[in-house]
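Enquirer: Protein chains in written order, with the numbering used here: chain D, 1 to 399; chain R, 1001 to 1172.
Hints are computed from structural coordinates only; laboratory data are not their basis.
These numbers were taken from a predicted model, which means no experiment stands behind them.
Each hint can be trusted.
Short derived list, chain D residues pointing at chain R, Cβ under 8 angstroms:
hint : residue
1    : ASN9
2    : LEU13
3    : GLN27
4    : ARG41
5    : VAL48
6    : SER129
7    : LEU133
8    : SER134
Backbone N, C-alpha and C fix where the C-beta goes; we use that ideal spot for every residue, glycine too.
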Amino acid sequence: MDVLGRYRNLIVLVGVLFAQVLGLAVQVRRTTDSEPTRLIRVWAVGAVTPLEKALVWVQTSTGSIWHNYFYLRGVRAENRSLKQQIERMSLEQVRMSQDADQARRLQALLAFKEQFISQTMAAQVIGGSGSELSRSVYIDKGYNDGIKTDMAVITADGIVGKVLRVYRSTSLVLLIDDQTSGVGAILDKTRVQGILRGTPGGEVELEKVMSDETVPAGEQVLTSGGDGVFPKGLLVGLVTKVSPGSELFLKIHVHPAANLSRLEEVLVVTKIDERQAEPDQTGSVRAVDILAGRLPGVPTKPENSEKQDSSGPASGAGSDTKPATAPPQASADGEMPAAKPAAKLAKTASSPETGAASASGVPATRATATSANTLKASPKPVKIVVEPKPQTAVQDSPH
Amino acid sequence: MAITYTSGEQVEVYRFSIPATVLIPLTAVFLQAWLPLRFPFFSIFDLPLLVVIGFATARRNPLAGLVTGGLIGILQDALTHQPIGLYGISKTVVGFGASSLGIKLDVENVGARFLLTIFFYVVHEVVYFMIARGLVGLHMAWSWPHELVSGVANAALGVLVFMLLDRVKQRT
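Please work from the sequences and hints to get the whole structure.
Expert: This is how it looks when you write it as structure tokens:
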């Protein structure tokens, strides 16, 4: 009894450690994907995330008041610059839509199936895991909002990760730079496929690329769609360094396109549609038509405006132009006006599949993002109309 | 600066009120999860570990120290996607060690606290590394310079945290 009393603390320590090691061993043996979320995690998340949500709300509200009401310095210049950007992009859009039409025709001929991000949900990043070994973040949407595990999480810049665990009003997102994550990836130009993994140091590497392949630094890395989580063609990042790795493989460092250390808002891909490509039956707009629309014309009287609208876009004297398709609107369930993501994602998605995939005979799919409910590739032609209200850029500009 | 050896009768034993016992670790875990998102450099710190050391050295009770360490560690584990127990085991060891050492040493002065925090930070990282690599099979690289720099940074922050804890601790 004396011995027990004397070493009581040590015995308790050994007992507690033994119990924890045993618990750890049981967890390691089980597959993490199939097991239900442990109650202790639910409690911990339930205790911590409300504070995080409250703090994020305060921060966002304060920032919003500051940016929208007080700090408006430089908005005019920014507005002007955005207008110019819209003009440039309109021209580029025409060129790209012609490329896309051509790609669609080719895909239809070969009976290709395309993947479309048809529904996304905007979510706010409210917290992290607090551990360098667990590169994951919490978002403010959970199964009450329709989030499920293994949904892809993206930003306007590139992919972020996938939903790993779902709680009532929050979800845990595993980032692509975590060492336990894996993303099917393909190089944009060389079409070499590999697996994207995180390293313990928080970097991202493309694995399983044979050393006899030539991979130039600066090449874009896209999702290959092979992992069943991310649709094909989303931007992952850029190759920064290539060196000989272990065995017969290259060690390819990739700089993620999305800034994973400063995530604030993300898009959860809640629905992906797959359908066969259809060739565009309607005509397309030529770049010269757009330019004609910008040329100064005779000022028109208000009563004739309806006529002019119906007759075409040629009378837009010096005003901005904008595609006639409906602008992205935030839907009732909080989905995001994904104009920026749409543009970027569409851009990234359209380039790789047009020729190379067809030539290689690989069943190409294409992720094309557009707006809110609806990141879809529109088969409609690009129509250019006069946009008399330039305020849109002002509203979007502060952030 | 000197760490003085004292007898059991000489050392002061403190306790914390129930709200402080619950809210301080919870706040530490919350800040650890929230701050690195806004200030990435903060990921070098381990705020829950500092709270464990602070509680353990003030209470000077090995059983209370290991229980506090274990619970805070498990709470921290629950927020990650890694198996529960990695931080739990590491902080259990630190909690036990810090409270045991608190009985034998006078850890009221700043220098002693600074050195003690560096020591226990390294102990924590070694235990964590061994479990993560040996038991869970995670790939980890050990870097002494990184650990020592992190230890010093944590010790500097620890001195401030212990000062805050001094304000809420009560003499038994």
